[in-house]
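There are 2 protein chains.
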Amino acid sequence: MSDGGQKYLMEQGKLARQAARILAVADTRQKNNALLRMADDLEKAADEIIAANRIDLQAGQEMGLTSALLERLTLDKGRITGMAEGLREISLLPDPIGEVLEINRRPNGLEVGRVRTPIGVIGIIYESRPNVTADAAGLCLKSGNAILLRGGEEALNSNRVIARVIAEAAMTSGLPAGAIQLVDSPDRQLVIQMMKMNDYIDCLIPRGGAGLKKTVMAHASVPYIMTGMGNCHVYVDEFADLSKARRIVINAKVQRPSVCNAIENLLVHKAAATKFMPLIAEELREAGVEIRGCQATREIVPWIKAAAESDWDEEYLDLIIAVKIVKDLDEAIEHINTHGTGHSEAIVSENYTNVRRFMNAVDAAAVYANASTRFTDGNEFGFGAEMGISTQKLHARGPMGLRELTTTKFIIYGDGQIR
Amino acid sequence: MSDGGQKYLMEQGKLARQAARILAVADTRQKNNALLRMADDLEKAADEIIAANRIDLQAGQEMGLTSALLERLTLDKGRITGMAEGLREISLLPDPIGEVLEINRRPNGLEVGRVRTPIGVIGIIYESRPNVTADAAGLCLKSGNAILLRGGEEALNSNRVIARVIAEAAMTSGLPAGAIQLVDSPDRQLVIQMMKMNDYIDCLIPRGGAGLKKTVMAHASVPYIMTGMGNCHVYVDEFADLSKARRIVINAKVQRPSVCNAIENLLVHKAAATKFMPLIAEELREAGVEIRGCQATREIVPWIKAAAESDWDEEYLDLIIAVKIVKDLDEAIEHINTHGTGHSEAIVSENYTNVRRFMNAVDAAAVYANASTRFTDGNEFGFGAEMGISTQKLHARGPMGLRELTTTKFIIYGDGQIR
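Chains as they are written, first to last, in the numbering used here: chain A, 79 to 497; chain B, 79 to 497.
Think of the hints as simulated: they come from the structure by calculation, not from any bench.
Take the hints with a grain of salt, since some may be wrong.
Pairs count within a copy or across copies, as identical chains cannot be separated in the list.
[What the hints assert, rightly or not] Distance condition first, Cα-Cα at most 20 Å in a straight line; then the derived DMTMM-like pairs of lysine to aspartate or glutamate:
1) Lys-292 - Asp-277
2) Lys-405 - Asp-105
3) Lys-92 - Asp-391
4) Lys-92 - Asp-408
5) Lys-122 - Glu-180
6) Lys-322 - Glu-189
7) Lys-292 - Glu-392
8) Lys-322 - Asp-493
9) Lys-92 - Glu-409
10) Lys-292 - Asp-406
11) Lys-348 - Glu-412
12) Lys-155 - Glu-177
13) Lys-405 - Glu-149
14) Lys-85 - Glu-409
15) Lys-92 - Glu-412
16) Lys-155 - Glu-316
17) Lys-155 - Asp-319
18) Lys-291 - Glu-205
19) Lys-92 - Glu-140
20) Lys-291 - Glu-393
21) Lys-348 - Glu-121
Build out the structure end to end from the sequences listed, making use of the hints.
This is the structure in structure tokens:
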């Protein structure tokens, strides 16, 4: 661990805290101008960004990153324009800060209200995709928060240029120097340090896999919002429309298996299984999906391999699915509430009462009736961009947009009241 | 540490988790009936509660508890009726669960909504006042949450009877056995264990002093809501109505100095100080308040003793006040944002622009214009009872009522939509 890095990070924290106080009272026009300038300057710096990205890509190839990771890491003119367009879209969203949620007059004449305010300083820890750097900084700036960005080591050269360009654009627009800062070091100890900087970071958003989740749970004293743990299910009810069920299962499993809102498990009511399982098994096999089934599943489709108990808890993020036949809706709900990670869960059913029970009893960030779990996404829900998908219950749950980057304060107007 | 205690606490956690699933879908009438029965049964058990409380009081006297603590620990018929009335009031509040906050139709025909749901299992760690046992259990039950109660060792006998009576009343009303459980042990290691029971506790609410805060920050992996840290200020502006200022300062400091919404610091604009300081110093002295002042304060009122730098950060919770004369509103805001704990902060001023700047720029759970900070309280704000006063920014900020014991989930209705 480098002491220099630690001290530098503390200085960044202090600068972020100072910047946050100024950002909190910055007016909307100034923030929007900064976002538009950030977008323009990113496009102007495209060649420089692509050159830095080439260095990351070459190092990534030498380190043996998978082609999927290399693909996520890659930037080209199109993706840089995409980042710029993202920032322009954020500039068009309504400013959440200053919204008065309510004011009530109390019997003693006090007016007690609540107003939306920024959280302060947000720390984000994320992995290979460098476009998160621009998205996260844009959302935080619009919501009046300073941000400390700690991207993956494999994208450090790309992130360095992107962060410098947008931070300078924000400063040129009159916003403070500490508003957008990159933690510019591959030292992993600095990630641990961020988790303990309670004086300088108000909220930590870890975006990564199970390893990062464990590290955060073990080390963080800074309040955090856990994101993106997705062991998701589709339950095909006794009263499902089986053609809808096939479409939804295939979409939720196959369209993009590496993301958190893809499903890992299929639950099928026993009364639907005899007809449904042979159809869906064939379709999944054709799509290249490995199927692991419970005993009852294998009695219907013998070529399916056996699922282990551990399969019900595994997030494959790959073309693998575990299938369980359940005796009723209750067993499905119980299974989901026991093994799910509280991300996205779906029922396929035409039965009013069963849909209603499922929607009420399943405990997850997003519960679907007759639609694919793949819609759990800030853009799909209509929030513009997103900062991540919270799978915890405190503060934010599900896709996090601008509103989730705010807190409230009570404002009380009196004329001399005392108790 | 007793292994038996640890295992028993895990069993309690499991039972709470099971109960939470049932409570989450319990209907309002059933929850209200349980609250009314809990109230009746507490009153019927008054003699037994008082007898148990006598044992706690005697042990407390032998342990040398202060008279203030013994007073808080004491239960009599009046206080038991108070607890019962509190539960009846909670039964009259609207049920927060099931409230649909919004539903929007997306271009693809999906209806995306948000509905209010319980958090799940709440763990509360609190100190001597046994009436918190009934208040906290009542609020959690109404908001559909199971609760694990860990009261102070000094109130264990009282809490044991209260918890048994209300838990039995809830069960008699058809609610599950694990809905209300007391962690019935003086073993402090169990408090640490609660902080790490992520599988069984969704949210921890520590209510206590700086020691508990440190322990939570060092050990908790369960998400928590920090409550009640109160280093509060009144700022008397250049344009203050000095008679309002005197009333507010005296009330905020003297009426109940031991609570978190009492002030610890007075900031006075230099243009108001010459006239205001001699008046307020005399009045504070008459009320028995020790005053510690900055150099400029002591030039105006020489008998005031000198404040140390550490005084700006101390929460006295006693009849002591630190006074600082500031050169302008900016210095006051800067001082508050640097030294305050983000609880309750007040400006006394007749100047529109200064009030507006203070309300916007001060970063605290409750910001007052021309009223005493002592109003930061669930009852005073009109929430009915309160679970504590959050001084953090995530999830809840300020007095926590029923709404703050809930989360939301997205509900999505489709007819076969896929991505």
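Return the numbers of the hints above that this structure violates; sort them in rising order. Result: hints 2, 5, 10, 12, 13, 14, 16, 17, 19, 21 break, sorted rising.
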